[in-house]
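Colleague: Spelled out, the chains give:
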Amino acid sequence: MILLDRVTKKYSRSEGEALHRITLNVEPKEFVIVIGQSGAGKTTLLRLLTCEERPTSGKIIVGGIDYDKLKDKDIPMLRRKIGVVFQDFKLLPNKTVFENVAFALEVVGASKREIKQTVPKVLSIVNLKGKENSMPRELSGGESQRVAIARAVVRQPRILIADEPTGNLDPKHAWDVIKVLEKINRYGTTVLLTTHNQEIVNKLKRRVVTIQAGSITSDRTKAGYKS
Amino acid sequence: MRRHLRSLGRIFETGVINFIRNIGLSVAAMSVMFVTLTIVLLSFVANVAFTNTIAQITNQIGISVFLKDSDTPAQTNTLLAEVKRLPNVKSIQYLNKTQALAQYEQQNTANKQLANAVDVLSNPIPATIIINPVNLNKIQDIKNFLVEPNVAALQSDSPTYSGEREVAINKITHATNILREVGILSIVIFTIISVLIIFNTIQMAIFNRRDEIKIMRLLGASTAYIRGPFVVESALYGLFSGTLSTFIIYGAFKGASSSLQASSLGLLNISYAANYFDNHFLLSLAAMVMLGILLGAGSSFIATIRYLKFKTK
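One line per chain: the protein sequences are V and H, in this order. When you read off a place in the first sequence, starting at 1, and then add 30, the result is the number in our numbering. When you read off a place in the second sequence, starting at 1, and then add 3, the result is the number in our numbering.
Derived from the structure by calculation, the hints contain no laboratory data. Backbone N, C-alpha and C define an ideal beta-carbon position, used for all residues, glycine too. Treat the hints with care, as some may be off.
Claimed, not checked - According to the in silico footprint, chain H covers these stretches of chain V (three or more CB under 8 angstroms from chain H):
| hint | segment |
| --- | --- |
| 1 | 94-106 |
| 2 | 122-128 |
| 3 | 201-211 |
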């Protein structure tokens, strides 16, 4: 589902490598946690997957799409196939909760009827029933993150990337968000989660990839270390 | 096709909603746009009124040809026909002795001594042909014609374009040309300044919402789908500002022409400007609205470019 082959990313000539010859293969329906300290390269890895950045060298293939062959005009199409949850939520400030989630469907040309049917269902999955008309500024951190998750999954993507979605949340809300991600994974979506919350890593008991200074230092499955 | 139409509808709907939700920003942008569009319209109307005033002044300047009392009607008619055929002649007016006297008396009502002197004599004012040239700077061909021996023989006195009056005509002509050029130049300068101010205002408004654009990008929205609502929103600024500035200027000229005692302020003929607006109101409104919409939509189109770029390599 996700394949990175000896991917290196260097932001400028004067700086060092943010990622160094990363190789990673994620199978369909897998739940993978990427851990590492701040500045280790987790966010760079996810930004490469969403095509916010291009690799300096190496190959990336996601859902059968080879990024080397991807033109600028095709990037929106790629992003429509991947659901992304950001640490800072990235909600549209001038849109209500309903409109934020609906926006993801609008960009793919969904009809009004389809939007009216789908959005409430997804909002109830993330326990936000009754908050449809609230503006983002009226929501708590946990609620905002659940809106972001609802927006990421409303198109039923085959891949969901979550960049430290619990980073700005208290433990209770953080765990609520993780439970939603687990639920989505059970429906068949491949989830790639980055975090530095050791408690979440321990409780989830999923495959864990550790990044340090831009390199993968361990890749551990539920059954033990893979490499 | 249906999907494209649906997207187009959503772009317009979102543009209108954003305009209302960002009303503070909308009012600020519209205020700047209103002031600049008003300046453009005002300078345009002022230029039209100046041009009219200048045309009125120059129309009053003519070459007076004084005929002999002994000229026969046939000679006069032949001369009139020949003058009319000259290339630089816009119009001619023939005044017989009685009409010329009446005009003389009218022009000298303030000077009783002159009027009395004329009364004593038996109409000493000759029949007169008043020639209005097309171009005051090119009256040499008319001059040449009037000094031809057979034409000069019909005249009782030299035509009154010579001496100080010619110098005055030349000065007026020169001044009118300068005023016209200054008027056109001021419109061009004001328009350029307005475009820059409006562009910067909209750029600032979009700069404040750059994160929104980036988020939409990350969610897979196409360039047109992100840019569209911004263009619609800015076009609405233009629509309202253009309409408001036209109505305000129209109201100001209308009010000034009806309430002020004088019909003009210096060279600016207020009555003429108000009449001009009456006759061209819809055209002015359409032009200002179109200008506002084009400036708004164009500015936001350009301002969004930098936030919509992808990082390629």
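Colleague: Hint by hint, say whether it matches the structure.
Modeller: Evaluated hints:
| no. | hint | in the structure |
| --- | --- | --- |
| 1 | 94-106 | holds (count 3) |
| 2 | 122-128 | holds (count 3) |
| 3 | 201-211 | violated (count 0) |
Violated hint for the displayed structure: number 3, the only one.
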